[in-house]
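Engineer: Here the structure of chain A is known, so what remains is to put chain X in place on it, guided by the hints.
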Amino acid sequence: MSTVSATRPVPTAPGSGGAAPAVPRRRGWRRARPYVLSLSGLTVAAVFALPYAVMLLDALRPSRDVLATPPSFLPRTWQLGTFGTVLSDARFLSWLKSSMLVAGTSTVVVLVVAVPAAYFTARHRFRGRTAFLLLVLMTQMFSPTALVVGIYREFFELSLVNTYLALILTNSAFNLAFAIWILQGFFGSIPREIEEAAHLDGCGRMGTLWRVMLPLTLPGLVTTVTFTFIAAWNEYVVALTLIQDDAKKPLTVGISSYVTGYEQNWDQLFAASIIAIVPVVVLFAAIEKHLVGGLTAGAVK
Amino acid sequence: MPTDLGTGVAGPPAAPASPRTRGVRRLTQRLAGAGPGRVRPVGSGHAGAGTALLWLGPALLLIAGVVLYPALELVRASTSDYSITGLRKGPAGTANYERLLAHPDLGTVLLNTVVWVVAVLVLSIVISLALAQLMSKEFFGRRLLRWAVIVPWAASLVITARLFMLILDYNYGILNQLLVGTGIVGTPVDFLGDDRFTMASMIGVGTFVTLPFTAYVLLAGLKAIPDDVYEAATMDGARPWQAYTRITLPLLRPALLVATVLNIIYVFNSFPIVYTLNDRNPGFAHDTTITFMYKLAFKSAEKSVGMSAAAGVANVLLILVVVLAYLRISNWKEATDQ
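Line by line, the protein sequences are chains A and X.
Residue numbering for the first sequence is 8 to 308, as defined by this note's numbering.
Residue numbering for the second sequence is 411 to 748, as defined by this note's numbering.
Same shape as in the complex, but just chain A:
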């Protein structure tokens, strides 16, 4: 990709003789281009990272200095032990466990439920197909936040308030729509001939789905996993409303208790937040290439 975009102007320049006055300007631009791009790219990256650099620096100073007047960008006193304190805090570890459990399980549930539904709707015409797709589109417009009162009342009546199951069900259900739409686009874009060939080679329907279709839709699966995991990892309102037991709280809700009206441990709040960001950024960085491919098909349909 890099070589293509960098060298393309060279062969086309003689051909574009019609745009003669622009040529000298373009030549200068061609030389400056890599530097200008790098400079703007790094500047924009800095803008995005800056607030979180402030967060990191706040995690590295004593809590009372976070609210010091006048504020300082760099800590006046460096306090490096906060990350250790947080990581050995039993409460933090239980919140981390809750988040991992809820986000991880929800992601698996979404995949297991969405893949058959998306595959079937992409490949078959059946009565109620349009209705099903409309229903899915409708649920995409509902958010747990808008329905939180209804969700609370339902789980209250099912005696599921204060359980992981309630959070897993909620996160799975509300991320299902996006997953079905994305995956459906993928399955639909795979030529039928590939599947027919697999059939001829003696693959059953499940075998075709598992051994032929799923590998081909890897970018779609990656996109689904990323979106669901992040949405579940960062879900706040439902967890805030449904979970009262401190040990069962996910990170989003749990770490808020580092800073309350009674105790203010800003350093721990921000150290915990940084730790909570790391798994997601690592996940992202690992699959970013597939993600862009995955969103493509999602965007096209």
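Simulated from the structure, these hints should not be mistaken for laboratory data.
Glycine residues also receive a C-beta, built at the ideal position from the N, C-alpha and C atoms.
A few of these clues could be false.
What the hints assert, rightly or not - Per label pair, the in silico range of CB-to-CB distance:
| hint | chain 1 | residue 1 | chain 2 | residue 2 | range |
| --- | --- | --- | --- | --- | --- |
| 1 | A | 217 | X | 497 | 46 to 52 Å |
| 2 | A | 79 | X | 500 | 57 to 63 Å |
| 3 | X | 463 | A | 46 | 54 to 60 Å |
Structural biologist: Chain X only, in chain A's frame:
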């Protein structure tokens, strides 16, 4: 085993070949006369309702149980009378809706919502168009940029909101320190307390956290545009700006549509930013319909579950109407069928 196969097989079709597969799909659609729908089924054209239920069953169950049932519960709650502790006392008819409509702050809240959604949406789309363009180029530091853009998405919104509360603070905020220190303003700005700046601050933070998703969707859209289209345009002597407005933007339409629709829903339902940044201000002066709904049940003097549920129903209907209207205006079907 399947993952091994996956990386091997799915590698090529991932980014570069997607326009090709799209072409194949369009072709098969045209040949089969399948119209706007999807590619025709493999073997048997039609499947029985029983088979369909088998494949769709789990999804239907989950949607019915965890989305539709709470939606019905919400409607039921909106027509019920509740004690201040949240116990149902009996039916209330349309009383909750009437009280909601008569609420003195309703107008302000609706206006806030419109300003909030439109501003965040427009800003994030416009900035993301430029950002995606930059991210699609090849240069030293591109990976760093892509990773940095991810961070606000990966971070919990509640924490980002609390972080910005500190950064924007009147007394301890580093931003005021910077602005006063460099002489841009004479005295600190009360970003979160002064009525003139509160909404603007919320919009700024809201846009910041919406950018990653939007930019990535648009980046994916850019990547799906075949290079030869640009080559042809360059041959014809198109200037970069012409190529952008006449080729890139029209071809980016499906991605723009997805980004806009999903962002309308996300921004409309966005809770943590508005709730946290607006935490210190009494009343509903800077609330949107979502935080208004939450406060009605849990925070306000009313503590009314019924009224909050009525607001929730109104919320869902509002989003539905806005999204459907947008899809209608933007000729959704036409754009996605191209």
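Engineer: State for each hint whether it applies.
Structural biologist: Hint check:
1. Checked against the given bound of 46 to 52 Å, the beta carbons of residue 217(A) and residue 497(X), roughly 50 Å apart, stay inside it.
2. Between residue 79(A) and residue 500(X) the Cβ separation comes to about 59 Å, which falls inside the hinted range of 57 to 63 Å.
3. A hinted range of 54 to 60 Å for the beta carbons of residue 463(X) and residue 46(A) is consistent with their spacing of about 58 Å.
Of the hints listed earlier, there is not a single one the structure fails to meet.
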